[in-house]
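Novice: With the hints as your guide, set chains B and C onto chain A.
Letter by letter, the chains look like this.
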Amino acid sequence: MDDARDSLFEAPPLSEQERMVEAVLFASAKPLTVADLHARLPHGCDAPAALELLAKRYEGRGVRVVRVGDAWAIRTAPDLSFLMTRETVETRKLSRAATETLAIVAYHQPVTRAEIEEIRGVSVSKGTVEQLMELDWIKLGRRRDTPGRPVTFVVTRGFLDHFGLSSPRDLPGLRELRAAGLLDSTPPPEATAPRESGAQNELFVPSPPEEE
Amino acid sequence: MDDARDSLFEAPPLSEQERMVEAVLFASAKPLTVADLHARLPHGCDAPAALELLAKRYEGRGVRVVRVGDAWAIRTAPDLSFLMTRETVETRKLSRAATETLAIVAYHQPVTRAEIEEIRGVSVSKGTVEQLMELDWIKLGRRRDTPGRPVTFVVTRGFLDHFGLSSPRDLPGLRELRAAGLLDSTPPPEATAPRESGAQNELFVPSPPEEE
Amino acid sequence: MAEDFMEGPARDSDPQAVAERLAAEALIVDVEGFEGPLDVLLTLSRTQKVDLRAISVLKLARQYLAFVERARELRLELAADYLVMAAWLAFLKSRLLLPPDPEEEGPSAEDLAVHLAFQLERLEAMRNAAAQLMALDHLGRDVFARGEPQNVSRARKVEWKATILDLMKSYSRLRTRDDFRPFVMDREGVWTMEEALERLRPLMGHVGDWTDLMAFLPEGWDVDPARRRSATASTFAATLELAKNGRLDLQQDKTFGPIRIRGRSAGSA
Numbered sequence: 001m002d003d004a005r006d007s008l009f010e011a012p013p014l015s016e017q018e019r020m021v022e023a024v025l026f027a028s029a030k031p032l033t034v035a036d037l038h039a040r041l042p043h044g045c046d047a048p049a050a051l052e053l054l055a056k057r058y059e060g061r062g063v064r065v066v067r068v069g070d071a072w073a074i075r076t077a078p079d080l081s082f083l084m085t086r087e088t089v090e091t092r093k094l095s096r097a098a099t100e101t102l103a104i105v106a107y108h109q110p111v112t113r114a115e116i117e118e119i120r121g122v123s124v125s126k127g128t129v130e131q132l133m134e135l136d137w138i139k140l141g142r143r144r145d146t147p148g149r150p151v152t153f154v155v156t157r158g159f160l161d162h163f164g165l166s167s168p169r170d171l172p173g174l175r176e177l178r179a180a181g182l183l184d185s186t187p188p189p190e191a192t193a194p195r196e197s198g199a200q201n202e203l204f205v206p207s208p209p210e211e212e
Numbered sequence: 001m002d003d004a005r006d007s008l009f010e011a012p013p014l015s016e017q018e019r020m021v022e023a024v025l026f027a028s029a030k031p032l033t034v035a036d037l038h039a040r041l042p043h044g045c046d047a048p049a050a051l052e053l054l055a056k057r058y059e060g061r062g063v064r065v066v067r068v069g070d071a072w073a074i075r076t077a078p079d080l081s082f083l084m085t086r087e088t089v090e091t092r093k094l095s096r097a098a099t100e101t102l103a104i105v106a107y108h109q110p111v112t113r114a115e116i117e118e119i120r121g122v123s124v125s126k127g128t129v130e131q132l133m134e135l136d137w138i139k140l141g142r143r144r145d146t147p148g149r150p151v152t153f154v155v156t157r158g159f160l161d162h163f164g165l166s167s168p169r170d171l172p173g174l175r176e177l178r179a180a181g182l183l184d185s186t187p188p189p190e191a192t193a194p195r196e197s198g199a200q201n202e203l204f205v206p207s208p209p210e211e212e
Numbered sequence: 001m002a003e004d005f006m007e008g009p010a011r012d013s014d015p016q017a018v019a020e021r022l023a024a025e026a027l028i029v030d031v032e033g034f035e036g037p038l039d040v041l042l043t044l045s046r047t048q049k050v051d052l053r054a055i056s057v058l059k060l061a062r063q064y065l066a067f068v069e070r071a072r073e074l075r076l077e078l079a080a081d082y083l084v085m086a087a088w089l090a091f092l093k094s095r096l097l098l099p100p101d102p103e104e105e106g107p108s109a110e111d112l113a114v115h116l117a118f119q120l121e122r123l124e125a126m127r128n129a130a131a132q133l134m135a136l137d138h139l140g141r142d143v144f145a146r147g148e149p150q151n152v153s154r155a156r157k158v159e160w161k162a163t164i165l166d167l168m169k170s171y172s173r174l175r176t177r178d179d180f181r182p183f184v185m186d187r188e189g190v191w192t193m194e195e196a197l198e199r200l201r202p203l204m205g206h207v208g209d210w211t212d213l214m215a216f217l218p219e220g221w222d223v224d225p226a227r228r229r230s231a232t233a234s235t236f237a238a239t240l241e242l243a244k245n246g247r248l249d250l251q252q253d254k255t256f257g258p259i260r261i262r263g264r265s266a267g268s269a
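Chains as they are written, first to last, in the UniProt record's numbering: chain A, 1 to 212; chain B, 1 to 212; chain C, 1 to 269.
Please note that a few of the clues may not be correct.
In silico DSS-like cross-links for lysine-lysine, where the CA-CA straight-line distance does not exceed 30 Å [claimed, not checked]:
1. B:30 / B:56
2. B:93 / C:161
3. B:126 / B:93
4. A:139 / A:93
5. A:126 / A:93
6. B:30 / C:59
7. A:93 / B:126
8. A:93 / A:30
9. C:169 / A:93
10. A:139 / A:126
11. B:93 / A:56
12. C:169 / B:126
13. A:56 / B:126
Bear in mind the hints are in silico, worked out from the structure with no lab data behind them.
If we strip away everything but chain A, and leave its shape as in the complex, we get (with noise of 0.2 Å):
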């Protein structure tokens, strides 16, 4: 902040030392050695002076500067490691099964397996729709007035939050998926198309229209 930092002989003073160190070891994401923070501290200052001050400071707190081999670090004080257990996720991108699968219960539910299967061409596997129910993101839903009555599967209140939507209306219809452009090939046929129905008869009983 003083005009020191501007010179090439004049060191900062200590205090303002200790706060470089201080933000240097934070943002570092490996420990550092006394010489790796000259380097990057300006001319003349003196690192081992501003460690010993910071780690002064940090005597008693939550996080502490510990020493790691010749290098440096700032970590939490080992008392408070019962803290950390939830640090140690290890997040996942969802695979593309269960993307698709959690997308169809979304947009179509209440929603049966067969139906799953049906728009994803493929079956879909058991693991796919546990490891779902799993993260507390599709549950079961009503039974089909159908033969069999199959199970069928819509969103849980976990979905939204985690998506932050407020209802299941919220997610964006076709033409708005397009409008974003996140659809540009080939359009979709009309979403009523007629001649369509005969070959569903095949595939599905109608179920009786559900109450919204």
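Specialist: What follows is chains B and C alone, placed relative to chain A:
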């Protein structure tokens, strides 16, 4: 969280809670909400009070406790950015269309695509919205309760975090723009009788017909 | 389009017209760099060097029309929205020059001009806001997050991540697959002939009097136009089928008149 009083176990003293919040926030790269903190801290803790103490403690330090919407994070002090060249990630430069669209979403949110286009006077190009969504700077908001129930866009916590804003209210110049009526959604005169015309007429002097 | 801006050459002696042509020429140089007609108007308005709220819309309209005219002379392809704006400005210009017609419905020329000035001011305000936004400290450039998020525990929990964008993308991928069309959504609005037949057959025994065909639509299918259309068509087709089998009679008094049906008992057949 309010059932803290009924707990059989007493919450740790506030100074200890502050340490805990410090450790948890330090360890996380992403902002944490008060709810996140309560989920991690022992039962009965008062995260807002601990956060307030912590934020005060870090005033003027090399790192700071910052508010990001309804969440909190530790970030390096902006005046030390010159030390961080190694951490800098090269970001793709946003197009003018993208920055303008982002600004319109931020200042006018929740805003529909049609409103963005009305303000910019051109259609929003494919990919612009997608790019901003992929950066996690904008997301879908509630649908507007108008015919067609169009989707709206709002800015995300990631946006606030990226630009160091504690809330959308902190956007630069927001108050002036609002005072000047530039954030009102004034429909074109064709649509309805211009509600704002009275206010505008005071400021706008119609130019006299010019000589031809 | 109004002629008064078409007679350009005749006015070339007018210094103002010359200045406008030069301004138009300057714009032509990088017409590619403009983001639509509003952007051009905003650029033109800067030449007036006044507060946007006090801008002369009439003058602006003239400048813009000169710009479009110049583009035309140079046989430059302008996007359609530039021409739409030109047509609108020509209209506005003529309205601003003529005394207001008290009979005229709708917004006055002044209202339209005020709104245009507002649009320009708002666009400029958003431009400035965007610049101010980008000038803020950026995370990862000016301000930094924890470089080494801490992993302490050995027990790792996998968190599956999917965004709404993933969801929308995979859904649109499914919906645009060429070789397959999902059926579930389509069916909602389609009442098939089989369904209509199934509904009509048991009813026919009880229809002694001429009854309007529309009375046989399934419940709840007479409100939404698409559903009503589908149900009407299939019900009508089903009555033809039943008439062919001798189960009922059909009657229509005049073209487009209501179609009525009557059940035919086995005896009268």
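Novice: Hints first: check each against the structure and report whether it holds.
Specialist: Hint by hint, here is what the structure shows:
1. B:30 / B:56: 20 Å, holds
2. B:93 / C:161: Status holds; Cα separation ~27 Å.
3. B:126 / B:93: 17 Å, holds
4. A:139 / A:93: OK: residue 139 (chain A) and residue 93 (chain A) at ~21 Å, within 30 Å.
5. A:126 / A:93: 19 Å, holds
6. B:30 / C:59: 53 Å, violated
7. A:93 / B:126: 25 Å, holds
8. A:93 / A:30: 26 Å, holds
9. C:169 / A:93: Roughly 14 Å between the alpha carbons, so the hint for residue 169 (chain C) and residue 93 (chain A) holds.
10. A:139 / A:126: Holds, at roughly 14 Å.
11. B:93 / A:56: Answer violated: residue 93 (chain B) to residue 56 (chain A) is near 42 Å, above 30 Å.
12. C:169 / B:126: 14 Å, holds
13. A:56 / B:126: Measuring from Cα to Cα gives roughly 54 Å; hence the hint is violated.
In summary, the structure is inconsistent with hints 6, 11, 13 from the numbered list given earlier, while agreeing with the others.
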